[in-house]
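Visitor: Both chains are given apart, each in its own frame, so use the hints to dock them into the complex.
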Amino acid sequence: MTKPESEWTWKELSVGNVILEPGNASQYRTGDWKTLKPVLNRELCVHCGVCYIFCPDMAYHLDEEGYFVADLFYCKGCGICAKECPTGAITMVLEEEEK
Amino acid sequence: MGKRVGMEVSIAAAEAVKQANVDVISAYPITPQTHIVEHLSELVANGELDAEFFCVESEHSALSVCVGAAATGARTFTCTSSQGLVLMSEITYITSGLRLPVLMILANRTISAPLSIWNDHSDAMSIRDCGWIQFFVENGQEVYDHVFVSYRLAEDREVLFPVIINMDGFILSHVIEPVELIGQEKIDQFLPPYQPLHQLHPDHPITMGAFALPSIFAEAKKAQEVALRSSLPKIIETWKAFGEMTGRYYNPIETYQAEDADTLLVTMGSFGETASVAVDKMREGGRSAGLVKIRLWRPFPFEAFKNATLGAKRLVVIDRAISAGACGPVASEVKAALYGETKKPSIYNFVAGISGRDVTPSDFIKMVDKAEIEIEKGNQEGFETYGVRE
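Chains A and B, in that order, give the protein sequences.
Count the first sequence with my numbering and you get residues 1 to 99, in order.
Count the second sequence with my numbering and you get residues 1 to 390, in order.
Bound conformation, chain B alone (with noise of 0.2 Å):
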């Protein structure tokens, strides 16, 4: 058993960051993402950190300074929020398709207009496409866990791909929880390292980042998705090898009292924690409830999700953003996993929290009350934004 402390979750990220032995961190402050960098260039001020911080004059500049670290074969690392990500958002593709294996640490928060610090997904699903490995979780400990992860294996030479830890701004950052650390040593026997498969190097002179025509374009990005979607057995092993180390053992999808429900509940990120309690309270009254959470985002677990969710009769499906003009991203997903299957349950859609608006166990009540009810009646659009003053 590793030491069990309370602490803010953003400090608990920041000292994993530092347990992880990171050699570059590039940043730029934005709310609710503060705390973890600002506790990182202690670190490295005060010398209990050797690496280099630097201060940049954007996001754009933060996360191409990474690029450019990770391609001399540092181990990098950078976390923003919002309108940081969006403006990161050229750099973010360019990073997956040079297959560098940096780490950003979202703390997810709206995106404007109108303003606001608070938080949701629609940053995370502004990026949704950039290639990125990306985990959502649901508590401090599972953020201080994933950058352990995340390092081993966005390095490991079979898959060389950039990872997001995606954690909700405030309702997990800003919260202090107990979190277990681990000892220096096991991280370093579980992490070792950085080799590179290839880095700038002035002896052995390579290019990164060059032009494509049409007629290699589709290849390169071929080889890239072949990659991107193996890299799932990989993921699941990485889990097994932490799970063995820790006791804490991660799933692509997690389930809660979902093997026999008629209804599941299907959230990502820390709804999932609330929505458990809801699930208890309808399974004290008898209701036929459980919960799947969405853990892997991408590459996106189809056939664990399958597994999950065949046997329920309605899926409510809960999104914390909006793709505007359609539906709640997360449902879309969902929609398209299950197409293909003959027999599947029927799917109800609601964009819920949105700006940090609180959503707690009989707001999650309400919602399967409610989905329920709109299934019965046959209601084919399936999609509504909850707990909007008419």
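Bound-form chain A, shown alone (with noise of 0.2 Å):
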């Protein structure tokens, strides 16, 4: 998608609404549907993944520390991480308290 949806017209559409461009959901950003988001306790985590396998979302990934981080721009704040953490290292936190 080159522009967001409200900007589109009609006669910009194609027939039948086909998205002819494949995987352009990933740039559809689910991340602001949140009030909540998960922040890790570095201390507490011991790397066991389990964050990144119930993630329904799939906005969990590895970074370079070995620690797995949520993509804030995919996460939509559902919990479910901090729920199955083994060690209770994610906290989910109002967004905006974070400024």
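You may find that some hints are simply not true.
Unchecked claim - Below are the DMTMM-like pairs computed for lysine to aspartate or glutamate, each with C-alpha atoms no more than 20 Å apart in a straight line:
id	chain 1	residue 1	chain 2	residue 2
1	A	Lys11	B	Asp156
2	A	Lys3	B	Glu219
3	A	Lys11	B	Glu158
4	B	Lys313	B	Glu333
Simulated from the structure, these hints should not be mistaken for laboratory data.
Guide: Shown next, in the form of structure tokens:
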């Protein structure tokens, strides 16, 4: 998608509204749905990857230092990672508190 | 001239589907559509037609199979009636929204309750707004011809809409009529293989049927609506090309003795042939009567309808279905079409022949008589069910 949906006119849409560009859902910012975001306490993290496995949006990835971190562009703030983390290393925090 | 043979209209319809060289047929049996798909399954089973015949567990699945197959670029066919169409209805909107050129023959039958297997247009009217191109035909020849017209039209890249051919159940589907068959070579010339604009293929992944947020839904529907309305000149062009090949020319609105008539009957489907006999009788008796037949129901041909009717003093609109709580659906459309005109005919609406009750030429004459009296009296409601015992 080259521009947001709200800017498309009816004349620009493909016949049958077919999406011709495969995988363009990756450009869709689902991260702005959330109110709570996961915050990792690295001291408690045992690098088990349970957060990565359970994340329904595949928002987690392994960083260079070996920690699993959530990509906040996609993370919807569901909190499953925090619930499943065996050491309680993930806390869900109101986004605005971070400012 | 093609070969003229006497055959059951359902068999003629199935033979046309075979001659159209379809790739996929998916249907579930329901009276009175059954003979069409039974014959097609025989043609596939005995090797006369190289197509996949999907036996499914419901009409919802039948049309879903057609949608999936059409999305891969297959020429697809389905056929249903009444309750079957109602079960299918969810997918009818999806087919047109995805702009897939599926063809459906709808052998029109009453929707229950009370349960009835006989003919009327209540099934067709239940999906009136589903976004398909919708024809109503009068006889077996027209069913046969419209299979080829419909595929060529549906698959045209400037059209890309599914098409329904409405044929009256039993009244057409189960009678034997003379049908002029077209040679295969001519058909192959008229109807080249389907070349899809977009198709599902693992080498070129695309998404069909994606979600649309409110921010883009209205744009998507506007595009679909403009495309459906714009198909009208293509429909006319396709009929013209078909006429040049066969000598049988079709129009969105057909008229009979209508030009100078004071009173016009307005019909859809097989009513047209019976009503034309009534018109002849009225003309013999010196009455100024004529007939207007709506062949193209969607997109509705507003201009052609106005041209055919604005010279008359009164229209007697015969519906074969009821829009519960309002009037006949054809009458609603006709009234809307003429509303903006300053000089327009008076309109009287009958619902007649529901659940297959016979409507004979003398019934049409009686309806004209009654309408003339009621219009004279200034009956504002202008609507009644014909022939109901009090």
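Visitor: Has the given pair, Lys3(A) with Glu219(B), been kept, meaning a C-alpha gap of at most 20 Å?
Guide: Holds, because 15 Å separates the two Cα atoms, which is no more than 20 Å.
Visitor: Does Lys11(A) pair with Glu158(B) here, judged by a C-alpha cut-off of 20 Å?
Guide: 14 Å, holds
Visitor: Check whether the Cα positions of Lys313(B) and Glu333(B) lie no farther apart than 20 Å.
Guide: 18 Å, holds
Visitor: Next pair to validate is Lys11(A) with Asp156(B); report whether the Cα-Cα distance is within 20 Å.
Guide: 19 Å, holds
The structure shown violates none of the earlier numbered hints.
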